[in-house]
Amino acid sequence: MFFNSIAFAIFLPIVFFLYWFVFNKNKSTQNALLIIASYYFYSCWDWRFLFLLVFSTFLDYYTGIQIEKGKSEKSRKFWFWLSILVNLGFLGVFKYYNFFASSFSELLNSAGVKASPFLLNVILPVGISFYTFHGLSYVIDIYFKRIKAEYNFVDYSLFVSYFPLLVAGPIERATHLLPEIKVKREFDLENAKQGIYQIIWGLVKKVIIADTCAPYANAVFDNYTSMNSFSLILGAIYFAFQIYGDFSGYSDIALGVSKLFGLDLLRNFNYPYFSRDIAEFWRRWHISLSSWFRDYLYIPLGGSKGGLWMKIRNTFIIFVVSGFWHGANWTYLAWGFINAVYFLPLLLSNSNRNNMDTIQLKFNFDSVKVFLSILYTFALTCIAWVFFRAKTITDAVLYLKRIITSKDFSFQYLDNERYSYELLLMIGIFVLIEWNNRSKVEPLSGKWSTLKVALAILAIMAFGTFSDYKEFIYFQF
Amino acid sequence: MKKFLIYIAKISVVTVLIAFLLDGLYTYIFMHSNNRGKIEKVFNSKAQKYDVVFLGSSRANNHFVAQMFEDKGLKAFNYGMSGGHLFEASLMLKLMIERKYEIKNVILEADLNLSNEHQAEGISARFLPYIHNSEVIKDHFSNEADFNELYYIPFYRYIKYDGKIGFREAFFISMNRRTNAQDNLGYYQLEKHKNGNMKNNIVNLNPLKHNKYYEEIKNICKAKKINFISVMTPICENTKGMNYFDKVKKAYPEIHNYENVVIEDKYFSSCGHMNDAGAKMFTARIIKDFFKK
Numbered sequence: 002m003f004f005n006s007i008a009f010a011i012f013l014p015i016v017f018f019l020y021w022f023v024f025n026k027n028k029s030t031q032n033a034l035l036i037i038a039s040y041y042f043y044s045c046w047d048w049r050f051l052f053l054l055v056f057s058t059f060l061d062y063y064t065g066i067q068i069e070k071g072k073s074e075k076s077r078k079f080w081f082w083l084s085i086l087v088n089l090g091f092l093g094v095f096k097y098y099n100f101f102a103s104s105f106s107e108l109l110n111s112a113g114v115k116a117s118p119f120l121l122n123v124i125l126p127v128g129i130s131f132y133t134f135h136g137l138s139y140v141i142d143i144y145f146k147r148i149k150a151e152y153n154f155v156d157y158s159l160f161v162s163y164f165p166l167l168v169a170g171p172i173e174r175a176t177h178l179l180p181e182i183k184v185k186r187e188f189d190l191e192n193a194k195q196g197i198y199q200i201i202w203g204l205v206k207k208v209i210i211a212d213t214c215a216p217y218a219n220a221v222f223d224n225y226t227s228m229n230s231f232s233l234i235l236g237a238i239y240f241a242f243q244i245y246g247d248f249s250g251y252s253d254i255a256l257g258v259s260k261l262f263g264l265d266l267l268r269n270f271n272y273p274y275f276s277r278d279i280a281e282f283w284r285r286w287h288i289s290l291s292s293w294f295r296d297y298l299y300i301p302l303g304g305s306k307g308g309l310w311m312k313i314r315n316t317f318i319i320f321v322v323s324g325f326w327h328g329a330n331w332t333y334l335a336w337g338f339i340n341a342v343y344f345l346p347l348l349l350s351n352s353n354r355n356n357m358d359t360i361q362l363k364f365n366f367d368s369v370k371v372f373l374s375i376l377y378t379f380a381l382t383c384i385a386w387v388f389f390r391a392k393t394i395t396d397a398v399l400y401l402k403r404i405i406t407s408k409d410f411s412f413q414y415l416d417n418e419r420y421s422y423e424l425l426l427m428i429g430i431f432v433l434i435e436w437n438n439r440s441k442v443e444p445l446s447g448k449w450s451t452l453k454v455a456l457a458i459l460a461i462m463a464f465g466t467f468s469d470y471k472e473f474i475y476f477q478f
Numbered sequence: 072m073k074k075f076l077i078y079i080a081k082i083s084v085v086t087v088l089i090a091f092l093l094d095g096l097y098t099y100i101f102m103h104s105n106n107r108g109k110i111e112k113v114f115n116s117k118a119q120k121y122d123v124v125f126l127g128s129s130r131a132n133n134h135f136v137a138q139m140f141e142d143k144g145l146k147a148f149n150y151g152m153s154g155g156h157l158f159e160a161s162l163m164l165k166l167m168i169e170r171k172y173e174i175k176n177v178i179l180e181a182d183l184n185l186s187n188e189h190q191a192e193g194i195s196a197r198f199l200p201y202i203h204n205s206e207v208i209k210d211h212f213s214n215e216a217d218f219n220e221l222y223y224i225p226f227y228r229y230i231k232y233d234g235k236i237g238f239r240e241a242f243f244i245s246m247n248r249r250t251n252a253q254d255n256l257g258y259y260q261l262e263k264h265k266n267g268n269m270k271n272n273i274v275n276l277n278p279l280k281h282n283k284y285y286e287e288i289k290n291i292c293k294a295k296k297i298n299f300i301s302v303m304t305p306i307c308e309n310t311k312g313m314n315y316f317d318k319v320k321k322a323y324p325e326i327h328n329y330e331n332v333v334i335e336d337k338y339f340s341s342c343g344h345m346n347d348a349g350a351k352m353f354t355a356r357i358i359k360d361f362f363k364k
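If you're matching them up, the sequences are chains A and B in order.
Sequential numbering from 2 applies to the first sequence in the working numbering.
Sequential numbering from 72 applies to the second sequence in the working numbering.
The shape of chain B in the complex, shown without the other chains:
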């Protein structure tokens, strides 16, 4: 039995060593990635200067046409992340500040995402390779229930989120295989779908009164003297519970309501996401209202 326990102890030591080795290897690979996603791009970049930065979920990613700002002579990039919540938007801004970005304007899509303060694991996982190399990432996750496991157990984060930051992703980074996440200055255009779902039901959705991450973004902008513009973006007409946007306006009077500036179905790819034509109409309106020189 003694021999067996020694054998098990050896296997355990080998397992821990492998975990350390893989953790180091994967982290090294992710530290050298810059053409796969927006998070990697920011983390592995040096100080940048932007006139306008867009943050939010897919309703930012698919709605703000950054090139239209560039055409006006404004340096812009759409850092909206499809599937993301305000948890990730806030962290993204913190990361930019940590990287000493100089930003004049932040435009935040703040509407449906005000209804929760959870992390969107599929997106937040992409910050985790850098948790030991960035104080803001570490601090941002420190209140999460599984922070200790993610931070202290070697390789645990890569195992838990293997679909996002596991072997496949590390392999593609090593092969220098790029994604389209950074094309079009971060804006991801959608096409008109023949069978796009043009119905939505947000009756049960309620904006949180003091969304922690919304307030964080607002406070960072104030502290760093960044002009903060928050907007509600369009949604299709056939949405049940449209008074959600009124509730947002009531709870956050500073958020500009653009929910109804584009309404026709032909400008939507699905109910919550405009197609390229709709996004261009919407962006033109934003430029007109906030950047008219």
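If we strip away everything but chain A, and leave its shape as in the complex, we get:
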């Protein structure tokens, strides 16, 4: 059930009505309804994986309590590691086993040893990377005594399985979401309206930007050997906007839907393409994952406390692991590695926290510098996206090489029977709207909100791509 589907448009009002008019007696009834709705939502993808989700939930619930109750450090450690290993084990089997098996076999073959890998015939359960990380953060926080274990199974299940964030995040923290779940929600008109704005803006990003850019980006990437420099540059830009519109659009809808139920989720995107350097980009892109890796990997590894080499090592580890989190392919690893390389000069010059303030542009030289630094950062990001999107690292390298060697900047007709330059105006307008509203969560709230909502609906209907129906990219992670 996609957020941009008719099925969801029916599902959401039904759950909303039941939540506020039938199951509104106390927080337990509210939570029970949301759990049922969430499990139904998840089973629409594949009901068989519901058992995996319930098992994973129960495992973390039980081990969390055992860690808290554990009288000796040995017992606490046992339950902690059991949870970590089982969670990562599921992730490893479903997501990474085939990759490692085939890579190892290729390595042996290249060394002259004949080997045919034993591959598992499994499909990746939707959302497994997201709900596994929910569970992991919960168990780690209990082990390090940052939070208390949750004894109410329904409340804990809702924290893991809450349908707006179940399949593509944001990756929530028990410290943030569980306290909200523990109290009865009261309806708040302004919050609900804010939710509607976010849902509509999320749809704008998804159906106008992401799904419209997708066929152009696909046409360029799938035929890159016959594309000229101009088309290849445009292809990378289209993919940059496709993935941004797709993922941040999903997050916006998730946050908006959640506000309708009186629950605030963590913000996941903050206009990342307006970043002035890569460090700022990573503070604005997929914030819930970046902060997860910072808190549960970078800091436990020693963070930036242990000297320069440790800082560099830890930086590379979190970027590469973050890349690998996206999928079992060398291209994701390369994408993570490239971002680490981008980050390195900032780290070495101690300027990775330079751009913490809000961006202001005026008619002066400094503003030109800011503008150029935004363009430069965006260009770096696009280069990295080429690795993320390409089928293999070789394809990515050849793609980038061809941008330089083709030296042809004429307009090209793509195999989707459209010209490569067609979307530039649309993307330009989108960027201007986001730029003018970068201090807000979304551009629709504030003055003239009714008119802006009407225009957004009109734009979705008139300019959206619906027939070439696309699922959200991050569902595959």
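These are computed hints drawn from the structure, not numbers from a lab.
Computed from a prediction, not measured in an experiment: that's the story for all the values here.
Even for Gly, the Cβ is constructed at its ideal location relative to N, Cα and C.
A few of these clues could be false.
[To be verified] Among the chain A residues that face chain B by a calculated CB cut under 7 Å, a handful are:
#, residue
1, L190
2, A193
3, A455
4, S468
Got chain A; can you put chain B on it based on the hints?
For chain B alone, coordinates are given in the frame of chain A:
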């Protein structure tokens, strides 16, 4: 909560109003289109007189050289639509009749397309802007599963088929940007492709015994006293399941089998489509067999 429900109701009303507004605007634009495609050309035309009209899929569009008929003094137009099935061919003929066309001969390409009665959505969608302005279009779609949504929900058809009749197409019509669909009297010539696929496998294809839309075309021609000629057009030699054409002949004895009048690969652009040279050979044979004066 009451205020919020009123707010949602307002948004819903605004959405419906926008849908009506856009539906009206897009339909108006499509009603004034006549240089983008064959369907628009027929819908927005007045009564025409033709000696010969060609119908069918790409195997009609790329195979009947209408100009060769014109050279013989016969007014002709190739209304074959690449990607189309008999569903669309039948509707096209109905639309012509609704527009009071006077047609002496219909040549229908009827071979591979006899194997199904489905609509080809990419092509049939182009009729949908006119669904409220043409009884035959409305009736033709009335048995389709999503007819109620397409007919009654404003703007739904433009959203569902946005790739074909959405903003981009409406914009190009407004800009009066033409396509080549009507060039060469509707015939679209193909070139010889170096890497053209010269293999085909139609083993699993079977002609339906009484194809609804084939029978419709035949019956319309009979009722309107139009000479109906149905033909199977050539396919490359390297095709598995060539007995398909025998099965067609058995089920429909009136269909003329021209599958093997052009066989050499050099006359094909791909296995199912002849190039210009092949199309001219084939058309010459059709003229010789049916229009020899």
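Each hint, compared with the structure:
no.	hint	in the structure
1	L190	holds, 5 Å
2	A193	holds, 5 Å
3	A455	holds, 5 Å
4	S468	holds, 5 Å
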